[in-house]
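One-letter residues, chain by chain:
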Amino acid sequence: MNTPVRRVALAVMGMIVLLMANLTYVQVVKAGDYRDDTRNQRVLLAEYSRQRGQISAAGQVLAQSVETDDRLRFQREYPNGPVYSTVTGFYSVLYSGSGIERSMNEVLNGNDDRLFARRLSDLITGRDPSGGNVVLTIDPAVQQAAYEALTSRDYAGAVVALRPQTGQILAMVSTPTYDPNKLASHNSEDQTAAWTKLNAADPPVLPNRAISETYPPGSTFKLIDTAAALQNGFTPDSQLTAASEITLQGTATRLENFAGTACGTGATASLRDALARSCNTAFAELGAQLGEDKIRAQAEAFGVGTEPPAIPMTVAPSTLGDIPDTASLQQSAIGQRDVRFTPLQNAMIVAAIANGGQVMAPYLVQQVLSPTLDVLDETQPDRLGRAMPAGVAKTLTDLMIGAENRTQGGGKITGVQIAAKTGTAEHGTDPKATPPHNWYVAFAPANDPQIAVAVLVENGGDRSLEATGGSRAAPIGRAVIAAGLRSGR
Amino acid sequence: MISPDVVGSGGRAADPAPERAPALPTGRNIELVLLAFAAAIVTAALVLVEANQENELTRALLYVGAAYLGLFTVAHFAVRKLAPYADPVMLPCVALLNGLGLVMIHRLDLAAADRAVALGRAAPTVLIQRQVAWTAIGLVLFVGVLYLVRNHRTLARYGYTAGFAGLVLLALPGLLPSSISEVNGARIWLRLGIFSIQPGEFAKILLIVFFSVFLMQKRELFSEAGRTFLRMEFPRARDLAPLLIAWGLSVGVLVLERDLGTSLLFFGIVLVLLYTATNKVSWMVIGLSIFLAGGFVAYQLFGHVRTRVEIWLDPFADFNGAGYQLGQALFGLGTGGVGGTGLGAGRPDLVPYAESDFMFSSLGEELGLVGLAAILVVYLVLITRGLRTALAVRDSFGKLLATGLAFTLALQMFVVIGGVTRLIPLTGLTLPFLSYGGSSLVANYALVALLLRVSNAARAPLPHRPAAPQVPIAEAGTELVERPS
Numbered sequence: 001m002n003t004p005v006r007r008v009a010l011a012v013m014g015m016i017v018l019l020m021a022n023l024t025y026v027q028v029v030k031a032g033d034y035r036d037d038t039r040n041q042r043v044l045l046a047e048y049s050r051q052r053g054q055i056s057a058a059g060q061v062l063a064q065s066v067e068t069d070d071r072l073r074f075q076r077e078y079p080n081g082p083v084y085s086t087v088t089g090f091y092s093v094l095y096s097g098s099g100i101e102r103s104m105n106e107v108l109n110g111n112d113d114r115l116f117a118r119r120l121s122d123l124i125t126g127r128d129p130s131g132g133n134v135v136l137t138i139d140p141a142v143q144q145a146a147y148e149a150l151t152s153r154d155y156a157g158a159v160v161a162l163r164p165q166t167g168q169i170l171a172m173v174s175t176p177t178y179d180p181n182k183l184a185s186h187n188s189e190d191q192t193a194a195w196t197k198l199n200a201a202d203p204p205v206l207p208n209r210a211i212s213e214t215y216p217p218g219s220t221f222k223l224i225d226t227a228a229a230l231q232n233g234f235t236p237d238s239q240l241t242a243a244s245e246i247t248l249q250g251t252a253t254r255l256e257n258f259a260g261t262a263c264g265t266g267a268t269a270s271l272r273d274a275l276a277r278s279c280n281t282a283f284a285e286l287g288a289q290l291g292e293d294k295i296r297a298q299a300e301a302f303g304v305g306t307e308p309p310a311i312p313m314t315v316a317p318s319t320l321g322d323i324p325d326t327a328s329l330q331q332s333a334i335g336q337r338d339v340r341f342t343p344l345q346n347a348m349i350v351a352a353i354a355n356g357g358q359v360m361a362p363y364l365v366q367q368v369l370s371p372t373l374d375v376l377d378e379t380q381p382d383r384l385g386r387a388m389p390a391g392v393a394k395t396l397t398d399l400m401i402g403a404e405n406r407t408q409g410g411g412k413i414t415g416v417q418i419a420a421k422t423g424t425a426e427h428g429t430d431p432k433a434t435p436p437h438n439w440y441v442a443f444a445p446a447n448d449p450q451i452a453v454a455v456l457v458e459n460g461g462d463r464s465l466e467a468t469g470g471s472r473a474a475p476i477g478r479a480v481i482a483a484g485l486r487s488g489r
Numbered sequence: 001m002i003s004p005d006v007v008g009s010g011g012r013a014a015d016p017a018p019e020r021a022p023a024l025p026t027g028r029n030i031e032l033v034l035l036a037f038a039a040a041i042v043t044a045a046l047v048l049v050e051a052n053q054e055n056e057l058t059r060a061l062l063y064v065g066a067a068y069l070g071l072f073t074v075a076h077f078a079v080r081k082l083a084p085y086a087d088p089v090m091l092p093c094v095a096l097l098n099g100l101g102l103v104m105i106h107r108l109d110l111a112a113a114d115r116a117v118a119l120g121r122a123a124p125t126v127l128i129q130r131q132v133a134w135t136a137i138g139l140v141l142f143v144g145v146l147y148l149v150r151n152h153r154t155l156a157r158y159g160y161t162a163g164f165a166g167l168v169l170l171a172l173p174g175l176l177p178s179s180i181s182e183v184n185g186a187r188i189w190l191r192l193g194i195f196s197i198q199p200g201e202f203a204k205i206l207l208i209v210f211f212s213v214f215l216m217q218k219r220e221l222f223s224e225a226g227r228t229f230l231r232m233e234f235p236r237a238r239d240l241a242p243l244l245i246a247w248g249l250s251v252g253v254l255v256l257e258r259d260l261g262t263s264l265l266f267f268g269i270v271l272v273l274l275y276t277a278t279n280k281v282s283w284m285v286i287g288l289s290i291f292l293a294g295g296f297v298a299y300q301l302f303g304h305v306r307t308r309v310e311i312w313l314d315p316f317a318d319f320n321g322a323g324y325q326l327g328q329a330l331f332g333l334g335t336g337g338v339g340g341t342g343l344g345a346g347r348p349d350l351v352p353y354a355e356s357d358f359m360f361s362s363l364g365e366e367l368g369l370v371g372l373a374a375i376l377v378v379y380l381v382l383i384t385r386g387l388r389t390a391l392a393v394r395d396s397f398g399k400l401l402a403t404g405l406a407f408t409l410a411l412q413m414f415v416v417i418g419g420v421t422r423l424i425p426l427t428g429l430t431l432p433f434l435s436y437g438g439s440s441l442v443a444n445y446a447l448v449a450l451l452l453r454v455s456n457a458a459r460a461p462l463p464h465r466p467a468a469p470q471v472p473i474a475e476a477g478t479e480l481v482e483r484p485s
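Sequence lines, in order, name chains A and C.
So the first sequence is residues 1 to 489, counted in the numbering used here.
So the second sequence is residues 1 to 485, counted in the numbering used here.
Since the hints were made in silico from the structure, they are not lab data.
Here the structure is a predicted model, which means the values were calculated and not measured.
Be aware that one or more of the hints could be misleading.
[Stated by the list, open to error] In silico contact screen, one side only, chain C against chain A (beta carbon under 10 Å); selected entries: (1) S179; (2) A322; (3) Q325; (4) Q328; (5) G337; (6) L372; (7) T384; (8) R388; (9) F414.
We put the CB at the ideal spot given by N, CA and C, even for glycine.
Please put together the full structure from these sequences, using the hints given.
This is the structure in structure tokens:
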């Protein structure tokens, strides 16, 4: 009877081998799929059972996790939610996250390699594991001013403020904004309701206009033309056409100055005047004289048409678009046609001019801290390249002072010289009947730049066809500059 | 180490003492060491659970570990007294599995308590105390079986009684009103006031005894050759009756009690015993064929069988409904991966019935593939020791009994683990010694006691007559051997 017993034993071993093979399939081959399946809450629950790190700026807490007694142990809180949500983003059980919450997730949840030693010691000492902290470059005073300037007027738009010498982002606001606290609710019905409402909002709320959306830069593009011109034999006194309108080369299309006015009183206007008065005809002619290659090279030196570095959020690339012929080049030279910038890109351009032509990589994260606030990492300013020699930057600054002095709109700061450029960009399928996007890019003080800003107001702010960069965007930009200079960080 | 069991004559070489057969090593001391080892592992597991659940680590944990060791030491001394030559590895294997099961049940208690607090509900029933009580009862039964059954061959006398009792126990829940027997759709319970038992777990042992006796007696009959087909000798048609009766019974269990697992288990044991008794593969072929036929018909006729198969084919098709339990178990196993989340650090409580039917996936989430492989090896050792006993024991009843008992553990383990890891469709069985559930635990302790009893017979020295003093044949006197009567 022993032979069948031995065979039964073999069969049992076969059964064990089968089970092992199947377990290996489930726990090794398919493990990743099962772990990452959206219906598998385990990873999420583990994340919520650990104290997530803080996001702070200049000593102010922007996001923190506090202990609760519900199923998810820690509740994410945003003390000043709507003001900072463009930067912090949200952190949600159902809808993942955005902004810093998403791009710095590994640090905040404690999985980052820089926190490895800490995790190890938590394991040994039995201390509750917790995530690392993130300190931002944001200046709360500037951020608050930008937020108030946009929301008090009920504009859809964006503000980006940079420190020219370093690329530190001092403010980043996209309006209309939202309260991330609602998305962090542990009640899934509240969360779903908030999400549905945000997604249905018009104008849209969730896209970050400052870095994820691109707009025609309009007349602010003339800074690129001028920078290219000054490096290619032109001087501020070089004469350009002062005609109130021209015909684009090789077409019958007319291109006219704003409100159909001539550029000053003469037959020609100097480059200085043309920039101050923002004459479209002069810059269309200048663009044609410089040629596509020089314009494109100058734009690329500022970062347009290159893959923008993460801040650490991903930034949409800005582009000149295709320029097939001279007529297209003439349109592109005034920031229309297919030219598209993010507000951050436009802020980088003025910041580079303010920084003597040196383009700095913009960044939001100043420091990464351990849970016990030891500095694990400090961001060092990163030079992206030189857009122009310092002398050219100085000249361009002078021309921008001229432009600022001709710019209308309120909020001028006594005793502070701003260098600026406005833009009023047509867009849409029927440009003449669509309220234009309004821009204001500036830095101050002109002789010792402390802050550079780009302001975008979508669709004329109050949907007025008469809206201009000067009337809509400039007051906001000046308010932000004033806050930055007052804060003096 | 001088083993007190090995009574040798060392140190007295000069004194030509009367020659005695050297005593065989009993292995009892090895058993004690292995039990202490199992207790150490279980205590460490408990400490890990408490640490990961952020509970205070107190000395009380060590006392729990010591109490656990104490409980099994009592069992050990009972074995030392009642079955001194029994296999020394089986009891420690059982102790380790039982201990890990207790730790996991305690861990799931903690999770359930946390959840109740979070949801503001009343505190849930604490299962660990019950399971510890069942463990104690199981060990009492274990000692009781060893005490009452001094020789497994005496069981052979009660073969038909055991068969009848087993049949009654198996059929009882199916025939009783479902108010007494039905829990979650399966009618396998006897709910007796404060506690409930699953009589099927005990029936399985009684029926193994019966079949072993029956086959021992009727072996020759079943070995009669019928026709040869495909180089296999098939039995004569009239000898198929017992197999068909067994098949009918298991189908009856399936229909009346809606219990896929017991039905499968019962039929599988009968098949393997028939094969062991006759050494004819044809029995397996016939048996599996009619089993598959029965399974196919059941699939066609019964919704609950069809549902099980559909869940098996794609648990995620109806994740929020029927597939939720298996789907969550797979998520847990996948999240655990190779190393596991660590005891007490995962979320096995997300799987419904994590402490009973899905104990294995709970362990897999927190111990990982590595831990599950270790548990499978412990089962393998336990089962192969049982089958070794079957090889070593000299009487054919013992061989059949040991094979049946050991294979029951193997099949039950395979069906449960295969079910929760989606190797085969799910059946509602509990994992021997690991899962929460009193009947299963107590019955399996009786099962192991019987295995130890058989192994004691297999390993004990043959009773020998004291050898007569050797005298040169020439000097030997005459001796009256026996007076003819």
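Hints versus structure:
| no. | hint | verdict |
| --- | --- | --- |
| 1 | S179 | violated, 35 Å |
| 2 | A322 | violated, 15 Å |
| 3 | Q325 | violated, 13 Å |
| 4 | Q328 | holds, 8 Å |
| 5 | G337 | holds, 5 Å |
| 6 | L372 | holds, 6 Å |
| 7 | T384 | holds, 6 Å |
| 8 | R388 | holds, 8 Å |
| 9 | F414 | holds, 5 Å |
Checked against the numbered hints above, the structure breaks hints 1, 2, 3 and satisfies the rest.
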